[in-house]
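> Heads up: the protein sequence lines correspond to chains A and B, in order.
Our numbering applies: residue 1 is where the first sequence begins, and numbers increase by one.
Our numbering applies: residue 1 is where the second sequence begins, and numbers increase by one.
Some hints here could point you the wrong way.
To be verified - Heads up, simulated EDC-like pairs for lysine to aspartate or glutamate below, C-alpha to C-alpha not over 16 Å straight-line:
no. : chain 1 : residue 1 : chain 2 : residue 2
1   : A       : K313      : B       : E172
2   : B       : K48       : A       : D597
3   : B       : K67       : A       : D326
4   : A       : K218      : B       : E172
5   : A       : K218      : B       : E25
6   : B       : K162      : A       : E410
As the list claims (entries may be wrong) - Listing some non-contacts, in silico: residues in chain B with all C-beta distances to chain A over 12 Å:
no. : residue
7   : L10
8   : V35
9   : D38
10  : A41
11  : M52
12  : V58
13  : G80
14  : D82
15  : P93
16  : E104
17  : D117
18  : R124
19  : A151
20  : L171
21  : E175
Rather than coming from a laboratory, the hints here were simulated on the basis of the structure.
Backbone N, C-alpha and C fix where the C-beta goes; we use that ideal spot for every residue, glycine too.
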Amino acid sequence: MALLQLQEPGESTAPHEHRLAVGIDLGTTNSLVASVRNGIAVCLNDADGRAMLPSVVHYPRAGGAVVGRGAQAQQVTDPRNTLVSVKRFMGRGVKDVAHIESMPYDFVDAEGMLRFRTAAGVKSPVEVSAEILKTLRERAEASLGGALVGAVITVPAYFDDAQRQATKDAARLAGLNVLRLLNEPTAAAVAYGLENASEGVYAIYDLGGGTFDISILKLSRGVFEVMATNGDASLGGDDFDHRVFCWILDQSGVAPVSDSDARRLEGLARRAKELLSIEEEAPIRGTLSTGDEIDLTLTRETFVDITRTLVNKTLAPVRKALRDADLSVDEVKGVVMVGGATRMLHLQKAVGDFFGQSPLTNLDPDKVVALGAAMQANVLAGNRTADDDWLLLDVIPLSLGIETMGGLVEKIVPRNSTIPIAKAQEFTTFKDGQTAMAIHVVQGERELVSGCRSLARFELRGIPPMTAGAARIRVSYQVDADGLLAVTAREMSSGIEAQVVVKPSYGLADDEIAEMLKAGFDNAGEDAKARAVRELQVEGERMLEAVQQALLADGALLDAQERAGIDAAMAALRAAVGQDDAKALRQALDGLGRETDTFAARRMDKSIRSALAGHKINELKV
Amino acid sequence: MDLQQDFFSLFGLPVGFDIDKDRLEQAYRDCQAQVHPDRHAHRSDAEKRVSMQWATHVNEAYRTLRKPLLRARYLLSLRGVDAGVETNTAMAPAFLMEQMEWREGVEEAREGGDVADLEHMRQRLEQHERELHQALSGQLGDDVADGELAADTVRRLMFIEKLQIEIDDALEALED
Chain A
1 MALLQLQEPG
11 ESTAPHEHRL
21 AVGIDLGTTN
31 SLVASVRNGI
41 AVCLNDADGR
51 AMLPSVVHYP
61 RAGGAVVGRG
71 AQAQQVTDPR
81 NTLVSVKRFM
91 GRGVKDVAHI
101 ESMPYDFVDA
111 EGMLRFRTAA
121 GVKSPVEVSA
131 EILKTLRERA
141 EASLGGALVG
151 AVITVPAYFD
161 DAQRQATKDA
171 ARLAGLNVLR
181 LLNEPTAAAV
191 AYGLENASEG
201 VYAIYDLGGG
211 TFDISILKLS
221 RGVFEVMATN
231 GDASLGGDDF
241 DHRVFCWILD
251 QSGVAPVSDS
261 DARRLEGLAR
271 RAKELLSIEE
281 EAPIRGTLST
291 GDEIDLTLTR
301 ETFVDITRTL
311 VNKTLAPVRK
321 ALRDADLSVD
331 EVKGVVMVGG
341 ATRMLHLQKA
351 VGDFFGQSPL
361 TNLDPDKVVA
371 LGAAMQANVL
381 AGNRTADDDW
391 LLLDVIPLSL
401 GIETMGGLVE
411 KIVPRNSTIP
421 IAKAQEFTTF
431 KDGQTAMAIH
441 VVQGERELVS
451 GCRSLARFEL
461 RGIPPMTAGA
471 ARIRVSYQVD
481 ADGLLAVTAR
491 EMSSGIEAQV
501 VVKPSYGLAD
511 DEIAEMLKAG
521 FDNAGEDAKA
531 RAVRELQVEG
541 ERMLEAVQQA
551 LLADGALLDA
561 QERAGIDAAM
571 AALRAAVGQD
581 DAKALRQALD
591 GLGRETDTFA
601 ARRMDKSIRS
611 ALAGHKINEL
621 KV
Chain B
1 MDLQQDFFSL
11 FGLPVGFDID
21 KDRLEQAYRD
31 CQAQVHPDRH
41 AHRSDAEKRV
51 SMQWATHVNE
61 AYRTLRKPLL
71 RARYLLSLRG
81 VDAGVETNTA
91 MAPAFLMEQM
101 EWREGVEEAR
111 EGGDVADLEH
121 MRQRLEQHER
131 ELHQALSGQL
141 GDDVADGELA
151 ADTVRRLMFI
161 EKLQIEIDDA
171 LEALED
């Protein structure tokens, strides 16, 4: 191994406390939580010994929320208040969702993201997802025996900014500290790659309940480098069920059916699909509320026939990803299949034919994402050991751009750029004396704004009046390691600045989240204020520990005066942690942040110098 | 060591167009192994901020040096030569003529749905690209004081890149 020793000397000698962290696969159909225990990633089971939690939430008239199998049982009897596959609605408006007319919900088309009108009131997909995440958090805390330091939540690689932000909001709402949003295929690659000590180029083909991802990764000496990713954020196993559902309606001639009969038939369709991965044919039998009898047999041949277009629909993104990675099919060493839907035999065959090799199916396609996320969570929480010497380099799936004259899109950050990434571009005014400029942030590959997703609109105001073309407005995009975008616009001659963390135009504004959090606590009988103080205290303790570690390792980088400043700020924070004053806590946290800025920069410089020094030493050995 | 230093020095490489790709990749990975936000997720907020800045910078440096066209443009900018990408459009007429023919060829193949023809053009362009890279290797050598020649080659390469994107878009449109 040519990799460097990454452990800070100060950390390895410090008394080691294992921090509880989990990986969560928030799936369209099922969700899982996993954690690293005694060095091994394992899924955490519910009281009945089951790892998978159906991603179904039921809002009974009596109040509260039921999640999982209990909710699933209500699908047929109370379809309107039983939300399934809610992941499909994350960060989406009514017009974005296919087959919406055949869904049993009472939709409210709010700005940006749709909502559901339920017995428990109007709910956003973020709130529904938060119920699922909360159930998993509670399961994990019971199973691990303590509060969680944080969680890695997985998202489809092809999720856009709106969907990612919605997922992060849901986690916050569920009381989880998000260590990272991790792309599902990348999580699978970690679990697979570390398990099998793989080296080379791998394709991860991930067909879940409602999303499809293809990621091409290069695995080399502990680095997982995503070279390209592509996919379809609204294509999954659900769509195969829907084809079978339509086939049943067509063959039996029972259409139209009520919402509860539709749910009943969807259930029959799913079971038939699953059975065909084992048997040559599947019986479909049931009685509808109208008394109509369904008695059909679906053969593999017919199933292949009615779903052929769906299978082919997954191959176009595969070709695009390979082209973006500048690779041919024969350069791919292995194809890893992820997601329950990849159990379908004709899909495995189609993928095998495309790549000219049998896909790798020697791992549980349902669990591998959660397990990879758990490994990443363990490392991010600070439990890295000498064996965890690996690094993920991921990309942004869709180009980020800005609207220019005539409804055209100017791309600023191209798709498949390694994150984090920052890009800036200059624009100018087109009218004399223009004092404001509208900035419209979009995501997608099309040349026209109408073909892309609108992420945010904001205005830069207060531009000093100048002749047309004289102002220089610099628009900067920064994408962080979660794949989330922040945009800043600044007029260069005057320094006037406007800034947005891309969010309010589609998702939930911060005060909306705060409101929901508060409502959640009211229901749970908790005091929101006390909880907020407690969170700040935990954060304060975490900061004190982090700085203490840094001082142990690199205190020599500071002169006496700087050291005194940091010591004083630490003492102030330590005092604040001992009291229940949120404002004082926040001030002390900010104070320590300010005092340690220079120190942090110097530490980074030092570690980069050591990286390059190590690099040169390695070369001498060669 | 600071964010202002040039990308070659950041990775401990000699300044020049010819580059040892393996060394660049290894140096990039070694740097990211130190600065990446995943390495600092459990640290203080100040350290997380510095980490994101550095990881962004290292990614930008790697992207720039890895791609020959971006590397050439960057080298020109280090030498204070403006490649004149936005302003200097005075290309040799013969070259412009050739470009028009290429463009018409792509358009024709796209309309005719001729995937094989598009693939073939892509290969020919790649060959052409390699030749220009070879030329740059001489034009951007240590002893060459005149960057104008290299700037001209860079502009030619940009035309080729645009054509490649057009071909890829056409191929993509035909697949959908």
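> Going through the numbered hints above, which ones does this structure break? Give me the numbers in ascending order.
4, 7, 8, 9, 10, 11, 12, 20 and 21
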